[in-house]
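A.B. asks: Could you put together the complete structure from these sequences and hints?
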Amino acid sequence: MHNSAIVASHLTVTRETVRALQDVNFSIEPGKITGLIGPSGSGKTTLIRSIIGAQELTSGSLEILGLPAGSSELRKQIGYVTQSPAVYMDLTVLENLRYFAAIINAPTDTIARVLKEVDLQPQVNQVVQQLSGGQLARVSLAVALLGDAQLLVLDEPTVGLDPLLRRELWKLFADLAGQGRTLLISSHVMDEAELCTDLLLLRDGKVLSHGPKQALLSKTHTKSVEEAFLALVQGGSHAA
Amino acid sequence: MQLKLTVATAARVLKQLEHDKRTLGLLFVVPCVLLGLLAWIYGDSATFDFIGAPLLGIFPFLMMFIITSVTTLRERSSGTLERLLAMPIGRLDILGGYALAFGLIAIVQSAIVSTIAVYGLGLDIAGPQWFLMLIALVYALLGTALGLCASALARTEFQAVQFMPAFVLPQALLCGLLMPIEQLPGILEAIAHVLPLTYAVDAMQLVTKESNPSAQAYGDVLIVLAFAVAAVFLGAVTLKRRTK
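Quick mapping for you: the protein sequence lines, in order, are chains A and B.
For the first sequence, the residue numbers in this note's numbering are 1 to 240.
For the second sequence, the residue numbers in this note's numbering are 1 to 244.
Quick caveat, the hints were computed from the structure, so don't treat them as lab data.
All residues carry an ideal CB built from backbone N, CA and C; glycine is no exception.
Hints may contain errors.
[Stated by the list, open to error] Below, a list of computed lysine-lysine pairs in the DSS-like style, where the Cα atoms sit at most 25 Å apart:
id: 1; chain 1: B; residue 1: LYS21; chain 2: A; residue 2: LYS76
id: 2; chain 1: A; residue 1: LYS223; chain 2: A; residue 2: LYS213
id: 3; chain 1: A; residue 1: LYS76; chain 2: B; residue 2: LYS209
[Unchecked claim] Pair ranges (Cβ atoms, derived):
id: 4; chain 1: B; residue 1: ILE191; chain 2: A; residue 2: SER132; range: 52 to 62 Å
id: 5; chain 1: B; residue 1: ARG242; chain 2: A; residue 2: VAL189; range: 21 to 31 Å
id: 6; chain 1: A; residue 1: THR12; chain 2: B; residue 2: PHE233; range: 28 to 38 Å
id: 7; chain 1: B; residue 1: ASP20; chain 2: A; residue 2: ALA215; range: 47 to 57 Å
id: 8; chain 1: B; residue 1: ALA46; chain 2: A; residue 2: ASN125; range: 53 to 63 Å
C.D. replies: In structure tokens:
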């Protein structure tokens, strides 16, 4: 077991000429559900792309499960769900899962397990194109759950889902974290942030705050993540 | 590169086509109709033999170019490619899977089209039909490979379609079909000699004349295959796992 699932030190990423991430430092422990929270343009996507190895780093370092980001060994260990459902629209749910399961060499009973976890058994033979937005998001999530990835990176996984299912999925996330897996869940929706144990707040490519949610609330004397975020931003601009 | 993953990718691509019955129909019916039209225009003259055989290769070449560039571009824009690249699968497995799937389609297509051309439309070929099909397959593989390359340069599906005339028409003009390449102006002749379609057309024209494929015909096939393999590798280089 590694001491930290993700360690960023002095991580800077410049895209085109824009500094997407500036001197970012943090360390995420395994078995935690960390919410990656920030407005759009704050660097969330760049950070996620860096973690999954799709982004070249400009300077600084980023270690995932003890290996530098982008190492080929990491591709078996990271489950990644993009915000737009990255699945084949012209295939059925089952055909999609079979193909991705073949790539990660998952045992055959995995598909049945995953279908149950995301509650898609009735739709298994439907072409993905015909599914609703929420069902589509779950197919994409199911793909990430196929492997036994130690790190799951989820980009707004439960937006637009029915509340009951959302609760089920958060229960599933908690179970996964309980097994020692690390979840990094990005969101700009603050009520999702409430469900995370830890929070990493980003703004303008910099870390605004990182730590347990409770610590953040008590530090800022607020009751919700949204208030805390506002307090930090306004506090920051006063200080500047 | 893992064979299992190449095969899984090919199976997935074929499954996608299986759901798209209309595309599948177009792939097999359109070349037959076009060739029938050509046979009708030229009647029983020798011109049909001269032009018909190369066109038997050019149709699969064109169609494979278009469907490959559009499907791979769709894979890039839908995010599935980014997902695949974040998974333990090689870039050549992905491209090889595409080439394998479209190669299989091309075999079926060329079998149907060449059978109709030879037995239904009276195309006279001196050489064996299997060699004709082999060349048609090589044409299709070349189309697939160049389509993969073109999709790397295109940002939208609209651009991908525009690349067809850009990549294909200059080759079609210089390949010796409109005018024998020896009669082209010197510079154009030199250019024609480094374009793959020239060799593919030469091979097709040899089949119509030679009862046994000559060393030159086999040489042509190998040259076109080499171009196709090089294009697939070039395509693999453009599939970057990490971007700036």
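A.B. asks: Now tell me, hint by hint, if it's right for this structure.
C.D. replies: Verification of the supplied hints:
1. The suggested pairing of LYS21 (chain B) with LYS76 (chain A) is violated, with an alpha-carbon distance near 35 Å, which exceeds 25 Å.
2. With a CA separation close to 10 Å, the supplied pair LYS223 (chain A) and LYS213 (chain A) stays within the 25 Å bound.
3. Taking the CA atoms of LYS76 (chain A) and LYS209 (chain B), the gap is about 55 Å. The hint is violated against a cut of 25 Å.
4. ILE191 (chain B) and SER132 (chain A) have their C-beta atoms about 54 Å apart, which keeps the hinted 52 to 62 Å range intact.
5. In this structure the supplied range 21 to 31 Å holds for ARG242 (chain B) paired with VAL189 (chain A), their Cβ-Cβ distance being about 29 Å.
6. The given range of 28 to 38 Å is respected by THR12 (chain A) and PHE233 (chain B), whose C-beta atoms sit roughly 34 Å from each other.
7. A hinted range of 47 to 57 Å holds for the C-beta pair ASP20 (chain B) and ALA215 (chain A), which are about 53 Å apart.
8. The given range of 53 to 63 Å is respected by ALA46 (chain B) and ASN125 (chain A), whose C-beta atoms sit roughly 54 Å from each other.
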